[in-house]
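*Asks:* Here's the letter readout for the chains.
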Amino acid sequence: MSFRLEARADASIALKLLVSLGAGLAALLLVAIPVLFAGGSPFTAYGLIIQGAFGSMFALSETLNRATPLILTGLAAAVAFRARLWNIGAEGQLYIGALSAVLVGSGLLQMPPMLLIPTVMIAGFVAGGLMMIIPTLLKQRFGADEVVITLLLNFVVILLVQMLVEGPLKDPLSMGWPQSVPLLAEAKFDKLVPRLRMHWGLVVGVAAAILLWVLVRKTVLGFEIKAVGENRAAARFAGIPVDATMLKVALISGGLAGLAGVSEVAGVKGYLSADLSPGFGYSGIVVAMLAGLSPVGTVFAAVFVAAVFVGADSMSRATGISNYLADLVVALSLLCVLIGGFFLRFRIRYERAAAPAAGA
Amino acid sequence: MTSTDTVLSLEGITKRFGKLTANDHLDLSLRRGEILALLGENGAGKTTLMNILFGHYVQDEGVVRVNGEMLPPGSPGAALKAGIGMVHQHFALAENLSGLDNIRLGTEGLFALGGKAAARKKVEQIIAESGLEVDLDRKVASLTVGEKQRVEILKALYRNVRVLILDEPTAVLTPQEAEGLFTVLRRLAANGLGVIFISHKLGEVLSVSTRILVLRGGRKAGELVTADADRRAIADLMVGKAVAEVKRTAATPAETLLEFSDVHLRRGSTRESLRNVGFALRAGEIVGLAGVSGNGQGGIAALISGLAVPDQGAVLLYGEPITRADPRALVAAGVARMPEDRQHDGVVGTMSVADNIAIEEVRSGAFSRMGLLDRKAMQARATSAIAAYDIRCPGPDAEARLLSGGNVQKLILARVLEREPRVILANQPTRGLDVGAQSEVHRRIIAARDRGAAVLVISEDLDELFALADRFLVVHAGEVSDAGPSDRLDRGAVGLLMAGQAA
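So the sequences go chain by chain: E and D. Under our numbering, the first residue of the first sequence carries the number 1, and numbering increases by one thereafter. Under our numbering, the first residue of the second sequence carries the number 1001, and numbering increases by one thereafter.
What the hints contain is simulated information worked out from the structure, not anything from laboratory work. A couple of the hints might just be wrong.
Listed below are the simulated BS3-like cross-link pairs for lysine-lysine, each with C-alpha atoms no more than 25 Å apart in a straight line [as the list claims (entries may be wrong)]:
{"id": "1", "chain 1": "D", "residue 1": "LYS1116", "chain 2": "D", "residue 2": "LYS1081"}
{"id": "2", "chain 1": "D", "residue 1": "LYS1116", "chain 2": "D", "residue 2": "LYS1139"}
{"id": "3", "chain 1": "E", "residue 1": "LYS218", "chain 2": "D", "residue 2": "LYS1376"}
{"id": "4", "chain 1": "D", "residue 1": "LYS1148", "chain 2": "D", "residue 2": "LYS1201"}
{"id": "5", "chain 1": "E", "residue 1": "LYS226", "chain 2": "D", "residue 2": "LYS1376"}
{"id": "6", "chain 1": "E", "residue 1": "LYS191", "chain 2": "E", "residue 2": "LYS269"}
Isolated chain D (complex conformation):
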């Protein structure tokens, strides 16, 4: 089974959690110089498999071999020693140390003086070979997300890894940064590294990988050589059924429902600051807001969410300026808000599904009377929402923390769309969701538009914006420019505006 260039092989891995079988006799092999894409919906077993590989979980059956040698189960130390490195979605970097110190951290002893020069030499050599350009002396806190990711990869390479695993590496990158990462990965693979690339995005999987392994429900759903694969076939493998293409008819915009008029927002950070922003959302249209993360999307979202009011200028809802930061008033007025970080801002994990569906309107007559909760109404609403939005959970009383990301998003959709809102803010509506859940969310958003709602979609995924938006806005450095109807745009034009250049 072990040929000379097979660097990693997982054989018959099975892992059960109670009644759930997360991995069911999975086989995986990785050769030197190969980029293997690991694809699958949320809950398909990707994370469990990687945790077993790393010794965080002990498999019930099966073995992990690195270079033909069996790895003792449940030993992260052994996995590291054997040359397995992982770059997580959430970086594990010390923000107040320089890039170089982060790379050395944990590899060298506490009192290893003088090793720094040697370390720098080694890291610089790795940079030269791989093209992972980073300023090694700057504190990590001041690096961009893309640079932090490069530090993480350098950290792994510095430890002489033979297998590099990247968990959703492009979730935080611009299209250009992602392209740069792919170039690096191809070069690393050419130098003999084995790469496992975990992703949801079919486009990038097709462009960077050499082989694709699709998991579904803990089993191998299929294995394809990338050269022979196409988008459609992979998507069908992932969800196990043909994915319905989301169809969008032409928009018929009507009256203006929400308008930003010369809005200024001054914040300590540039992430949320806005300058002279003006645009309008009309009934029956979906407007896409494109932009590199951190250029002011947060400010626009905060204003529409009722978490802030402009320092200057006005946000007009149905022609009336919003004067108080009061989410409840906006909800009552028919504004639906989907938070950017749904796990953090969207749900209270230790409260039930029913509580989380009712939370925005708990003071309203729908769910309470004279300060007392109407549990029956909450329960009834949750039961119907679970059925209508296909929220996979044990029941209305289950804690929200038990739900997967896609189901949390469905819960939020159920919470905000059931009221038939007139204005909808969809902030990163499908980030981290699998293909099946994505098209479900898109379908709901388009249906709301067809019902006459005005929708603003904020997304870092241009494919998503092109799939949804009737019209584009682009935000850069706190200023918003109108890019016009989406059918007259292409990715290149939007990309230039995102970079701050006039089209």
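Pulled out of the complex, with its shape left as it was, chain E reads as follows:
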């Protein structure tokens, strides 16, 4: 009795759903082990996580509020990875976007909200996009590795932000806290429901997901991005301008991450500080991978990741099990999804030994 792998020609939708579901279940089963060690009941813990994430209007609002930046950074990773452009710099692009929002929206321009909000968003998008265009140009011109450059630029940007919020941009009314001058009220996103934190950034995120879906599926640019990502040599031979396409991808990817920064400043905090993002840029990569780089899937994956984190906080308060459980759930989900992807590509065949093996 032995088993071997054979490549699949194609996987059906049903199989894909089955594998995703299986991956989720496997992750929950695995996480149950440390929960048992911590002396808790997995059922109680999971129940509390779900309740904490979706159990009330307030919980739901917190989850969606948390999901908003993850949708945008997830899309940033998804569009770049589709073109095999490895943007690990969404965190820095997020901060640059937030910084631009503050620079433009804290008094430099005086406009009604109808104009100021789009202006602030465009500023954040362009700044984030330029932040990604730099490493892409370096890659094209000198063959520099964009993984290294985008990753290291994150630290450069965060240090720059720290310097600015301690110095030139520091809010004199902040009682000494390192935070920037606040956005004008006209530049802030409205709440979606009064007294709840979720805001119009969520709508921006979902709209971006839909636009990206249209881009990927319906447009010539989406076609070119796919060709460039899947086979650069063939794309070049067929006349697709590879470098220009990569730059467009860089602009979109960095821009989406920049929008995440705008959304956090304009929708949640109202000002810039160096702790604006607890790693939304990096989590975006996880979100995109969970979603299989699908734009619409990214929305659901972002809500899932956000729910786990928000729910785990409330579970932790109720049971005393550490909220690091959330990291564990997300990490194991990703591993299970990646392993699941293996089953989508290959079929496992069990074979009885066809004939008794003759000893030599």
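Model the placement of chain D on the given structure of chain E, informed by the hints.
*Replies:* For chain D alone, kept in the frame of chain E given last:
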């Protein structure tokens, strides 16, 4: 069933992949000292059979015996141990090691010091017996393709193989190198080795093999003793129907459409560099570019494909110099380009057949409007192309990676010829294709010429060039010489020019 000199026998091998039966009760036996040619179209089951022999696949039915002993299915280790060696089309050599180290690699333990002298002695003895001359101390990266192949064969012989399998060994060789390989194979066979020779080329099969086994659709289509076989009979067995000979009438060249004028191209590698190249392609003629691979064909192809512009001199299209490397502009101007490596440069494997047919013109009005794809037009074009060019695939939405090499080439033909191009670059148009697909491609190229297109065929297969070309150019070391009309040439004269000697 096992006589004393039968070294290998496959009995009743059956392998199914889902609904497809790749091997259907195949029998094969190989005697010592025999060169068996395994022939068949793409998809006939040759590769599957060899993969089963090697234990890469497990057969559904049947057994493999080496020297009468059954080989456990699905065990590559056992196959190697039993003395089966294979030389693949794509070499498995470590480029940064010497030939000798490559030969020893995997055979000796990691820490086996001092074995090197003994190994060298053994390899030198094999070289003396077989005539496989190689400089053992040079790094593999600096060896020619022919030398690399010899290292691969030496590697197998070093392991004391009893059966040597060569997968399309001449695809990368010049005619002279191929002749040298055949001499070696004959000598090895005379020393008692059993050789299986997988090929598409009928001429070399007839010249080197002692027996021919033809597969078709996973079954044995016929088995012939080479001495009694002829080209025609084998070709008919392979495709299962009489192959139509491609007929070519005399060319009636008209105005010049594409001209190279004193073109220089300087590249790091000599493969693509050109010096002082001048020639013209006229409407209604097929010009064949002969040359040993890597003498500048790549540069000429890159210039006509719009991937490069000359460093000096000019490429004139309809009398106007091409100033920008812009494939789309050339496509729009009516240039059809078939890439040398169709799997690598020709198609995006994970995109659909329809996408790959539309890919060159996706920005044009034919397939998009205001930046939005016109999927309906792409689908319609693909459906008609699949029918007109007989592209065997599940449908327009099937991924191109599922297509066989011949069908990928048909896809590319459909992509470039449907526009009625005026200039056609056919770079290795039938490399790796079976007889049936070859004559189909040739027919299409000749039809395009008769329609008034100017065609440049770049090929390493002289038979193909003689079948197609009205006129010959020969490239050697980056320089192109005009060899004149093909009906006044023979292989010997072209061969001399290919080697850089004035005719």
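*Asks:* Against this structure, judge whether each hint is valid.
*Replies:* These are the hints, each one checked on the structure:
no.: 1; hint: D:LYS1116 x D:LYS1081; verdict: holds (22 Å)
no.: 2; hint: D:LYS1116 x D:LYS1139; verdict: holds (16 Å)
no.: 3; hint: E:LYS218 x D:LYS1376; verdict: holds (12 Å)
no.: 4; hint: D:LYS1148 x D:LYS1201; verdict: holds (21 Å)
no.: 5; hint: E:LYS226 x D:LYS1376; verdict: holds (19 Å)
no.: 6; hint: E:LYS191 x E:LYS269; verdict: holds (12 Å)
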